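Peer 1: Spelled out from the first residue to the last, the chains are:
Protein chains: 4
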Amino acid sequence: MFINKIKSEGLSHLSYLVGNDGHAFVVDPRRDCEIYVEEAVKAGCRITHIFETHRNEDLISGAPVLAKLTGARVLHGPNAAGNVAYADTTHEGDTFEFGNLRVEVLETPGHTDDSLSFAVFDTDFGDDAVGVFTGDAMFIGDVGRTDFYPDRAEEVAGLLYDSLRKILALGDQALLYPAHGAGSVCGDSMADREFSSLGYERKYNDKLRISSREQFIKAKIAEHHYQPPYFRLMEKLNLTGADPAPRITTPVPLSPDEFRSLPEKTVIVDTRTVSAFLGSHLPGSLAIPAPMIPAFAGWYIEPGQPVVLVAADPAQARVASQHLIRIGVDNLEGFLTTDMPEWSAGGLPFHSLPVMHVDDIRERFRNPPDDWQILDVRSIKEYRQESIEGSVHAYVGELPQTLDQLDRNRHYTVMCASGARATIAASVLERAGFSRVDVFLGSFGAWKATD
Amino acid sequence: MFINKIKSEGLSHLSYLVGNDGHAFVVDPRRDCEIYVEEAVKAGCRITHIFETHRNEDLISGAPVLAKLTGARVLHGPNAAGNVAYADTTHEGDTFEFGNLRVEVLETPGHTDDSLSFAVFDTDFGDDAVGVFTGDAMFIGDVGRTDFYPDRAEEVAGLLYDSLRKILALGDQALLYPAHGAGSVCGDSMADREFSSLGYERKYNDKLRISSREQFIKAKIAEHHYQPPYFRLMEKLNLTGADPAPRITTPVPLSPDEFRSLPEKTVIVDTRTVSAFLGSHLPGSLAIPAPMIPAFAGWYIEPGQPVVLVAADPAQARVASQHLIRIGVDNLEGFLTTDMPEWSAGGLPFHSLPVMHVDDIRERFRNPPDDWQILDVRSIKEYRQESIEGSVHAYVGELPQTLDQLDRNRHYTVMCASGARATIAASVLERAGFSRVDVFLGSFGAWKATD
Amino acid sequence: MFINKIKSEGLSHLSYLVGNDGHAFVVDPRRDCEIYVEEAVKAGCRITHIFETHRNEDLISGAPVLAKLTGARVLHGPNAAGNVAYADTTHEGDTFEFGNLRVEVLETPGHTDDSLSFAVFDTDFGDDAVGVFTGDAMFIGDVGRTDFYPDRAEEVAGLLYDSLRKILALGDQALLYPAHGAGSVCGDSMADREFSSLGYERKYNDKLRISSREQFIKAKIAEHHYQPPYFRLMEKLNLTGADPAPRITTPVPLSPDEFRSLPEKTVIVDTRTVSAFLGSHLPGSLAIPAPMIPAFAGWYIEPGQPVVLVAADPAQARVASQHLIRIGVDNLEGFLTTDMPEWSAGGLPFHSLPVMHVDDIRERFRNPPDDWQILDVRSIKEYRQESIEGSVHAYVGELPQTLDQLDRNRHYTVMCASGARATIAASVLERAGFSRVDVFLGSFGAWKATD
Amino acid sequence: MFINKIKSEGLSHLSYLVGNDGHAFVVDPRRDCEIYVEEAVKAGCRITHIFETHRNEDLISGAPVLAKLTGARVLHGPNAAGNVAYADTTHEGDTFEFGNLRVEVLETPGHTDDSLSFAVFDTDFGDDAVGVFTGDAMFIGDVGRTDFYPDRAEEVAGLLYDSLRKILALGDQALLYPAHGAGSVCGDSMADREFSSLGYERKYNDKLRISSREQFIKAKIAEHHYQPPYFRLMEKLNLTGADPAPRITTPVPLSPDEFRSLPEKTVIVDTRTVSAFLGSHLPGSLAIPAPMIPAFAGWYIEPGQPVVLVAADPAQARVASQHLIRIGVDNLEGFLTTDMPEWSAGGLPFHSLPVMHVDDIRERFRNPPDDWQILDVRSIKEYRQESIEGSVHAYVGELPQTLDQLDRNRHYTVMCASGARATIAASVLERAGFSRVDVFLGSFGAWKATD
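Protein chains in written order, with the UniProt record's numbering: chain F, 1 to 451; chain X, 1 to 451; chain S, 1 to 451; chain E, 1 to 451.
Read the hints as simulated data drawn from the structure, not as lab findings. Keep in mind it's a predicted model, so treat the numbers as computed, not measured. Careful, some of the hints might be misleading.
A pair counts as met if it fits within one copy or between any two copies, since identical chains are not told apart.
[As the list claims (entries may be wrong)] Dumping the calculated SDA-like pairs for lysine to any residue here, alpha-carbon to alpha-carbon at most 25 Å: (1) Lys236 - His225; (2) Lys448 - Pro228; (3) Lys7 - Glu342; (4) Lys5 - Glu194; (5) Lys68 - Pro314; (6) Lys7 - Ile35.
Work the whole structure out from these sequences, hints included.
Peer 2: Encoded structure:
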């Protein structure tokens with residue numbers, strides 16, 4: 001009896017292959033799902049069931065694809081906002097046996113109406129759960145967000161409260177297997193720890209320690225979460241069942257000539273590091289370093305829009321492409337194979353972004369340049385906690401929608417916590433025609449560290 | 001904060017890489033220890049500490065080698081039967097910090113005098129342990145064997161009882177990370193489940209449910225465990241620190257000619273499957289299918305004896321070689337590259353072993369051949385539970401020592417639970433000059449299934 | 001400018017990825033064709049062209065699939081026995097440029113009417129070819145078989161003669177890149193050497209040294225080649241374009257119970273080694289050791305017939321499955337996960353085959369058993385060269401068709417050159433109800449070696 | 001019979017594993033030599049011989065290490081500048097048999113006095129060589145440099161001429177296997193093609209087409225080659241036999257804190273891309289993008305000097321480390337794990353380099369800044385062919401020695417062919433205290449392209 005965690009970096013999405021005695025099931029498979037079959041075979045197991053904790057909004061479910069590959073049956077909770085085309089509905093108390101491993105279904109709504117948890121028992125040993133898959137209901141150090149039904153905010157927060165009590169009732173001994181880890185946008189303050197138990201969470205998870213239902217609802221309602229526009233597409237696809245990932249996820253290398261003859265509407269996503277983008281980049285390209293794609297690409301790329309990448313090497317292009325495919329961006333036309341020296345040696349145009357050190361910023365405060373403005377692109381929560389006096393706020397993800405509130409002719413220094421999101425934001429501004437943009441590398445971190 | 005389990009198949013040895021915030025430690029590294037460094041680098045961590053739960057008797061510790069590779073400090077418990085040359089001694093209550101991860105030392109003697117457990121805390125969260133590394137003190141579903149100090153049997157069983165209480169006192173919420181899993185010879189009845197918590201074990205581990213110290217001691221003393229002779233070598237090497245594993249673990253392919261000109265004393269270990277050995281094998285070869293090497297090779301190969309392998313392919317030779325290296329058998333001269341058709345097509349000699357089906361055995365009971373005897377080579381515990389009437393017992397591992405009690409001229413049908421250990425035993429008999437040996441494939445399993 | 005050979009073991013099929021300056025083409029891709037894209041990306045190249053030297057009869061062409069994956073254009077020769085649906089036709093003298101790499105088309109019929117060769121030039125250097133892809137026209141040490149148009153035997157042998165002269169006219173300096181290497185059934189006496197040049201072949205390839213067209217035709221007509229029945233299917237599929245290989249080529253592990261409830265018509269292919277099959281195997285299973293599948297499976301499995309495997313481990317099942325997929329056997333229902341000890345311990349039935357050493361055979365000649373007959377299953381060519389007196393001949397591949405000429409009640413000892421093909425043949429006999437079959441391990445090789 | 005090329009990128013060093021009939025030899029192994037053993041085992045071969053074409057000056061020979069790992073015998077030519085401690089001497093006409101593969105030794109001095117070539121014959125076929133390993137005597141499209149004996153310049157050029165004739169006499173049919181490919185500093189104008197034959201080279205290799213010995217000598221003497229200082233160390237180590245590469249080649253990740261407390265003399269090598277270095281880098285770091293390490297690190301790092309890396313990720317650190325180890329830089333203390341945003345967010349210092357586009361340069365020519373000077377760091381050969389008027393020259397490799405001829409207070413724009421070497425040079429200047437340095441990205445390439 002084994003539980004193998006399969007983690008999708010960036011999304012911090014956790015899925016699980018659980019096997020016993022020649023059979024296996026998968027909890028919350030991702031779209032590129034060959035890995036579950038390969039791991040199962042290595043362990044001598046055949047995948048017969050797929051359990052979904054809820055309809056995911058931040059990634060494409062691999063359940064319909066994996067079901068087709070393996071013949072496995074997909075189980076989904078009731079009350080999805082429509083019929084989950086590829087799944088059977090399972091309910092509170094349903095059980096599934098895999099030899100001496102028994103799975104029991106708990107309805108745990110709140111994060112979504114269809115949220116389920118799956119408790120795991122070893123019938124050779126005893127009547128208590130050994131572990132529980134909690135989806136987005138309970139995380140390590142946090143609980144699920146409840147902002148998806150804005151007009152039912154109190155109700156669903158209350159539902160989550162009840163669901164969490166139901167999960168905790170499984171007992172302190174049960175190991176906790178959530179659907180996301182630290183770094184995910186699906187929670188707010190997850191622990192940067194990859195293992196826990198219900199007993200540990202009961203004692204030390206701040207949200208679980210709120211013993212009053214009312215206090216809990218109040219705390220949940222006070223939270224602020226962002227919803228990137230691509231969430232809508234995910235929800236739709238995860239009802240009907242998305243197509244399989246492309247057979248080959250590595251994009252095609254393109255020459256500078258091919259790159260320059262791309263259709264106008266193509267988005268150029270520069271997946272290189274922040275520093276590489278600052279040093280030189282293709283005019284009009286959007287900076288999203290490969291590891292940041294899962295969190296930020298969905299804010300800027302529209303469904304169906306053709307995309308090309310700039311990457312330091314094929315490995316980076318592959319990682320970027322996998323990230324994009326997991327959130328439904330399939331139409332990757334290729335990636336630029338040459339690094340900036342080769343590109344520029346062809347006489348082709350490039351841009352650099354001026355990079356500001358914290359000392360430069362302090363100097364500017366002493367002698368402010370004309371029309372100068374610090375633009376802070378962190379989340380509103382971070383900004384409200386503490387910010388540099390005189391800075392204005394616009395969240396990096398929402399920037400395309402809020403550009404009109406900024407002045408194309410002003411001199412903006414973009415900042416965030418370190419300079420990473422600031423570089424994304426600077427690229428958004430540059431694409432929109434802002435010509436006096438520089439990046440505060442180190443950003444609020446450096447500001448505080450040198451205070 | 002992550003805990004990565006690294007499992008050595010066959011030995012069912014579990015070691016752990018634990019990392020947090022750029023630093024990492026390893027618990028109970030195995031001899032071929034590059035993997036810890038590679039995994040640590042992937043996770044952006046530097047290994048600075050190595051913790052040993054006790055002096056291993058069933059495998060070579062990688063601690064001294066890994067320490068040299070990384071500069072990490074090795075920590076070992078007090079009361080090892082001598083000075084652990086490569087380690088510092090750590091004591092009850094010592095703590096080690098890795099950012100917000102704190103390790104606390106518990107002295108938990110019983111399995112050995114130097115046994116330690118290591119509790120892990122997340123100081124960002126709370127004062128209770130999140131997990132505990134228990135070495136060979138506590139397993140999932142079982143506890144450590146206490147037969148290593150025969151003249152102090154009651155005392156050490158009692159020590160273990162106390163140690164287990166000390167571990168359980170960490171609380172139900174703590175995850176359990178033992179040094180062995182199902183299949184190891186270090187326990188008796190481990191669960192075939194790879195995850196548990198103290199809470200779960202407290203409730204469902206039979207040995208932990210014995211609430212009386214006296215009853216526990218009695219139960220432990222009643223156990224019977226085998227100790228392969230190579231244990232002595234491991235204990236010695238793990239005091240002084242063994243040499244690193246060879247840089248290349250795959251043995252050299254040898255031609256039939258090279259194979260035939262090996263020194264007399266060379267042991268030929270046939271690592272192919274049971275069925276392949278039965279079908280045809282080199283005269284004088286010892287059958288130990290690759291996955292069975294960790295459990296059985298140590299019974300038959302003497303320290304320093306040259307060894308060659310027969311393998312179906314280089315991958316099998318490599319697996320066999322890794323198993324052997326982990327238990328200190330380094331002098332592998334190579335492996336035979338050709339399969340039996342090629343070997344035999346050169347006019348070279350080979351043997352087959354007659355294979356008996358359960359129907360053949362029943363038929364024989366009806367019409368017994370001359371001088372016929374069933375030889376059951378299972379453990380004495382298995383044999384005593386249930387056996388075929390008229391069979392005699394000799395444990396497969398101890399066969400070289402008990403051969404003289406058998407009659408070289410009798411007709412033996414060797415059996416075990418399935419035929420696997422029986423095939424090893426048959427090869428031992430064949431090497432010793434027994435000429436009327438056949439193998440009961442299916443063995444006691446088939447006997448019961450067709451009853 | 002690079003040429004990477006991609007070899008499919010067993011079929012000894014050679015395909016090539018050729019790249020220059022960011023672009024690449026593939027010659028004769030196999031069905032599981034992701035590898036070309038991956039290799040091309042690693043080399044910074046985009047595949048834009050696929051060249052087929054001819055319509056393959058021994059494997060499924062990956063050209064239509066690879067074309068769909070990459071957008072590349074497929075080029076095929078004229079005079080295919082029908083319209084190659086997925087390809088454009090290219091003719092003598094057509095050229096294709098990839099930077100300074102130029103490809104020139106030569107029509108080289110004979111093996112098939114549509115056979116092409118592709119000469120490669122480096123236009124930065126000179127007017128002579130650096131290399132040539134010859135498909136099945138010219139091999140290292142041999143030339144293509146010409147038995148596919150039985151009623152035009154002399155004509156096509158003559159055509160091949162002319163084609164070979166045309167190829168040789170490219171000059172001694174040109175490197176030779178054929179579509180098959182030693183071990184393929186597409187030639188008769190290929191060198192076991194993986195590299196050559198036209199100059200070397202001109203001097204030392206026996207067939208090329210026949211200077212008279214008449215002598216060449218005579219020699220070709222005197223050859224005897226076997227054509228497994230699946231060739232017909234390959235030819236058909238390679239006109240219309242076969243489906244892609246399954247996304248996951250590793251078959252599903254099945255339990256003994258699942259295995260026993262398979263539909264009657266399912267073929268059980270035992271892919272383990274010869275010796276493992278001899279030792280014990282499932283009743284009714286067909287022995288085809290994994291590496292022999294490409295050469296022999298096509299004789300016994302009918303299109304569309306469901307297949308399950310017996311394999312020593314998942315890796316062997318995967319290799320077997322890849323071999324089967326390349327020749328169009330897709331309907332793999334799974335593989336048996338347990339080895340024979342576990343299988344038999346469940347009380348399930350198994351068979352063994354008696355194994356004869358050359359000494360046993362000689363002893364039998366001295367005291368022949370009743371009704372005893374040696375059955376030699378080598379090729380008719382091998383048999384005619386030399387055989388054991390008194391043996392009868394039936395080619396292993398044709399055995400299903402020639403069974404009726406044998407006597408189910410006789411005692412057959414099956415032999416070949418080593419025992420490998422004999423074991424396949426013995427399994428065919430056993431499945432057909434022959435009950436007195438044994439295998440001469442070592443076979444003719446041992447007979448000669450001990451003469 | 002197979003020849004597998006093993007290529008070391010960057011050095012463009014080519015070594016070969018050649019196998020036949022269960023035995024294998026290696027030509028010119030590199031220091032990290034486990035790969036040869038692994039490849040040999042996969043092919044069922046045992047390495048018994050190692051042939052060295054000459055004493056390498058640009059990399060550490062793996063021959064002594066591989067010999068120890070395998071027991072193979074090392075063969076080296078006569079007239080090495082001393083005794084090759086780990087090798088036997090072999091002479092013109094010596095032969096070695098590997099089944100039907102015969103190796104024949106040719107003494108081919110010129111590049112070095114001890115240069116050998118090894119002709120390969122297939123004795124099953126004929127008396128002509130199938131291929132030849134030429135070391136640094138003959139390359140594809142070029143011949144070896146002859147500048148290592150400055151006081152015998154004419155003599156050794158003449159020796160090479162004779163050696164090349166001797167090689168060509170093997171016949172047009174022989175395939176060519178040199179020790180370096182395009183990109184190596186061991187030749188001057190190698191073809192960017194990875195395959196050739198003696199016949200092709202005879203016709204199209206410019207140097208081989210010089211039919212007069214005198215003309216050839218004259219042409220060789222007119223060449224200019226650079227010799228990085230580390231060549232001396234390689235030559236010394238390759239006489240005595242260098243130590244094995246470290247068991248683990250990936251360096252240790254270091255935190256910013258650990259990084260900042262390094263000993264003064266430590267060299268920080270920034271292995272990231274050119275653009276990443278330009279965007280932001282650690283003050284005092286030396287820019288050598290990972291793929292450029294083999295060609296440039298040997299100019300700047302002194303034997304024994306401690307080195308740390310800045311790398312985008314562990315994979316890049318590993319590649320860089322492997323490159324360094326191959327040229328004898330073993331004392332790698334670790335690599336920085338954080339990217340520049342994290343580094344700078346800690347308030348730590350960083351620099352950027354101003355990046356100039358070709359348009360900026362042209363504008364500067366129209367309005368020259370004060371004290372402005374273009375510094376061209378290409379090879380003297382490139383500079384003499386064509387350069388920007390007014391630029392001064394200093395070769396990038398020799399810059400540390402020629403710094404005193406430059407003015408620390410001037411404003412330098414550094415250029416090369418694309419900006420890559422210019423970035424290395426700019427980092428050298430910055431480390432030396434030049435404060436007004438910018439980089440012309442695109443460099444001479446852009447200058448010409450936009451002319």
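Peer 1: Does each hint fit the structure? Answer for all of them.
Peer 2: The hints, checked one at a time:
no., hint, result
1, Lys236 - His225, "within (20 Å within a copy, 58 Å between copies)"
2, Lys448 - Pro228, "neither (29 Å within a copy, 46 Å between copies)"
3, Lys7 - Glu342, "between (36 Å within a copy, 23 Å between copies)"
4, Lys5 - Glu194, "both (10 Å within a copy, 13 Å between copies)"
5, Lys68 - Pro314, "between (30 Å within a copy, 21 Å between copies)"
6, Lys7 - Ile35, "both (11 Å within a copy, 20 Å between copies)"
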